[in-house]
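Enquirer: In case you want the letters, here they are:
There are 2 protein chains.
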Amino acid sequence: MTAPRGSLILVPNTLDFGIAADAPDVREVLPASVIRTAARLTHWVAENAKTTRAFLKRVDAVMPLAQPLQALHIVELPRPQKGARGAPATDLTALLDPALQGMDVGLISEAGLPAVADPGAALVQAAHTIGIPVIALPGPSSLLLALAASGLNGQSFAFVGYLPVDAAERAARIRELEALSRRANQTQLMIETPYRNEALLGALLAHLQAATRLSVSCELTMPNAFTRTDSVQGWKARPIALPADVPAVFALLAG
Amino acid sequence: MTAPRGSLILVPNTLDFGIAADAPDVREVLPASVIRTAARLTHWVAENAKTTRAFLKRVDAVMPLAQPLQALHIVELPRPQKGARGAPATDLTALLDPALQGMDVGLISEAGLPAVADPGAALVQAAHTIGIPVIALPGPSSLLLALAASGLNGQSFAFVGYLPVDAAERAARIRELEALSRRANQTQLMIETPYRNEALLGALLAHLQAATRLSVSCELTMPNAFTRTDSVQGWKARPIALPADVPAVFALLAG
Chain Y
0 MTAPRGSLIL VPNTLDFGIA ADAPDVREVL PASVIRTAAR LTHWVAENAK TTRAFLKRVD
60 AVMPLAQPLQ ALHIVELPRP QKGARGAPAT DLTALLDPAL QGMDVGLISE AGLPAVADPG
120 AALVQAAHTI GIPVIALPGP SSLLLALAAS GLNGQSFAFV GYLPVDAAER AARIRELEAL
180 SRRANQTQLM IETPYRNEAL LGALLAHLQA ATRLSVSCEL TMPNAFTRTD SVQGWKARPI
240 ALPADVPAVF ALLAG
Chain Z
0 MTAPRGSLIL VPNTLDFGIA ADAPDVREVL PASVIRTAAR LTHWVAENAK TTRAFLKRVD
60 AVMPLAQPLQ ALHIVELPRP QKGARGAPAT DLTALLDPAL QGMDVGLISE AGLPAVADPG
120 AALVQAAHTI GIPVIALPGP SSLLLALAAS GLNGQSFAFV GYLPVDAAER AARIRELEAL
180 SRRANQTQLM IETPYRNEAL LGALLAHLQA ATRLSVSCEL TMPNAFTRTD SVQGWKARPI
240 ALPADVPAVF ALLAG
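Here the protein sequences come in this chain order: Y and Z. Here the first sequence is numbered in numbering that gives the first Met the number 0, starting from 0 and rising by one per residue. Here the second sequence is numbered in numbering that gives the first Met the number 0, starting from 0 and rising by one per residue.
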């Protein structure tokens, strides 16, 4: 007899990192199916165990957890080594043992959808390889909300992650992305560590052409959310300071 | 005196097209902030007025609308002409008149996030141009749920829309996307009209290399949701039939 298998369930987190003292009711940004599933899961694989416990406390406030927080099994994803493409698949398969024993396993990031602009894809791949069903629950993605709010092309777009930190390499990459955008009329989305938001904005304005449109979104789904889209020329004529303590999503479309 | 301006609010729809006889409670897939906002908005710009009314009936069932459905102002987005890049901006600006008069205007698609793989970006751009704030509410995107569930690279990905219908052009485009994917380790996402799902799958299996990984997701967030990811070789060895009546998201990553 083979026990029925559990699933790997991708559970979206809020986009606020749960750090605000006044972190809002999770029901404001997550649908009922997510809350209910998060409340019943007993096994988790997490980008960060501490923020997962903070998330589950917020869930518990609106729907009691099936087991006390202390009784839950929360395992952190192995950190990918610099330069490597993730940990060996054998390590990851062990994280799926509860699913082989019939229990559903939740995968959760610090914010937004797991495995998108975040670790976790290798675990999902391992699930497919050993035949564990993968279920993605609906939730917010800062990338796609920023794209929707930008007014740039949503029919063709790419997310390219982080730009190089070295100034010369970054300038070359910015010109490369602008050329890619022009060739395919493709919006290029990127992110940056918050304290470098201003530096990235400065580099984009320095190296993009005047007619290229640039959009910056911060704190989407939060009280101070904003999206600004303007030509590079317009950004230079009407400069604004970006916050240095919250993530931003940058998007460009060659004009 | 200038009246305070309203905002353009991007309201996500469910992913089920509201067509199922047993269309579920919208709270299962949309958060409370979306339901509350949809219930209070009196002015809408919609991809499709009929499906917007169907959506608002589902909202009304869980949170009474501020005004009767018949009293709401629902205007359809002008259909983009084949080959053109959307209607002239002047037409679109008129759709934002209520916002200039202080009323919030909702933008909504038939499914998922407006302005992403859907019309609406030109209206959002018009809002930025005339200084109407744009607010994106959190909701599901079939593209990003499919990406998360695929296990393919979520740190670098592109959405390329539809592939050409002509067989030779489609084959060339598939090889081009595989080359792009290999060069940048970038997942390539695409969609197809449901009745061509099988034809696209066949073309992908015919023209991609054996080690390239291919993922197909259908009906995410719905009862029959599934995601299958396998190598092209694996798909050929273990073929499955795709449904011809529901949208699918295809994703590939060169092996």
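FYI, nobody ran anything at the bench for these hints, they're computed from the structure. Don't take every hint at face value.
[To be verified] Label-pair restraints from in silico Cβ distances: (1) Z:Glu175 to Y:Val164: 29 to 39 Å; (2) Z:Ile129 to Y:Ile239: 37 to 47 Å; (3) Y:Gln100 to Z:Ala243: 52 to 62 Å; (4) Y:Ile239 to Z:Ala70: 35 to 45 Å; (5) Z:Ser6 to Y:Pro3: 19 to 29 Å; (6) Y:Asp59 to Z:Ala240: 20 to 30 Å; (7) Y:Pro193 to Z:Val61: 28 to 38 Å; (8) Z:Glu197 to Y:Gly160: 31 to 41 Å.
[As the list claims (entries may be wrong)] Pulled a few chain Z residues facing chain Y out of the computed Cβ check, cut under 10 Å: (9) His42; (10) Pro97; (11) Leu99; (12) Glu109; (13) Gln124; (14) Ala126; (15) His127; (16) Val164; (17) Tyr194; (18) Thr228; (19) Ala236.
For glycine and all other residues, C-beta sits at the position ideal for the given N, C-alpha and C.
Enquirer: Hints first: check each against the structure and report whether it holds.
Expert: Right, here's what the structure says about each hint:
no.	hint	verdict
1	Z:Glu175 to Y:Val164: 29 to 39 Å	holds (31 Å)
2	Z:Ile129 to Y:Ile239: 37 to 47 Å	violated (18 Å)
3	Y:Gln100 to Z:Ala243: 52 to 62 Å	violated (37 Å)
4	Y:Ile239 to Z:Ala70: 35 to 45 Å	holds (39 Å)
5	Z:Ser6 to Y:Pro3: 19 to 29 Å	violated (48 Å)
6	Y:Asp59 to Z:Ala240: 20 to 30 Å	violated (43 Å)
7	Y:Pro193 to Z:Val61: 28 to 38 Å	holds (37 Å)
8	Z:Glu197 to Y:Gly160: 31 to 41 Å	holds (34 Å)
9	His42	violated (18 Å)
10	Pro97	violated (18 Å)
11	Leu99	violated (17 Å)
12	Glu109	violated (14 Å)
13	Gln124	holds (3 Å)
14	Ala126	holds (7 Å)
15	His127	holds (4 Å)
16	Val164	violated (17 Å)
17	Tyr194	violated (21 Å)
18	Thr228	holds (4 Å)
19	Ala236	violated (14 Å)
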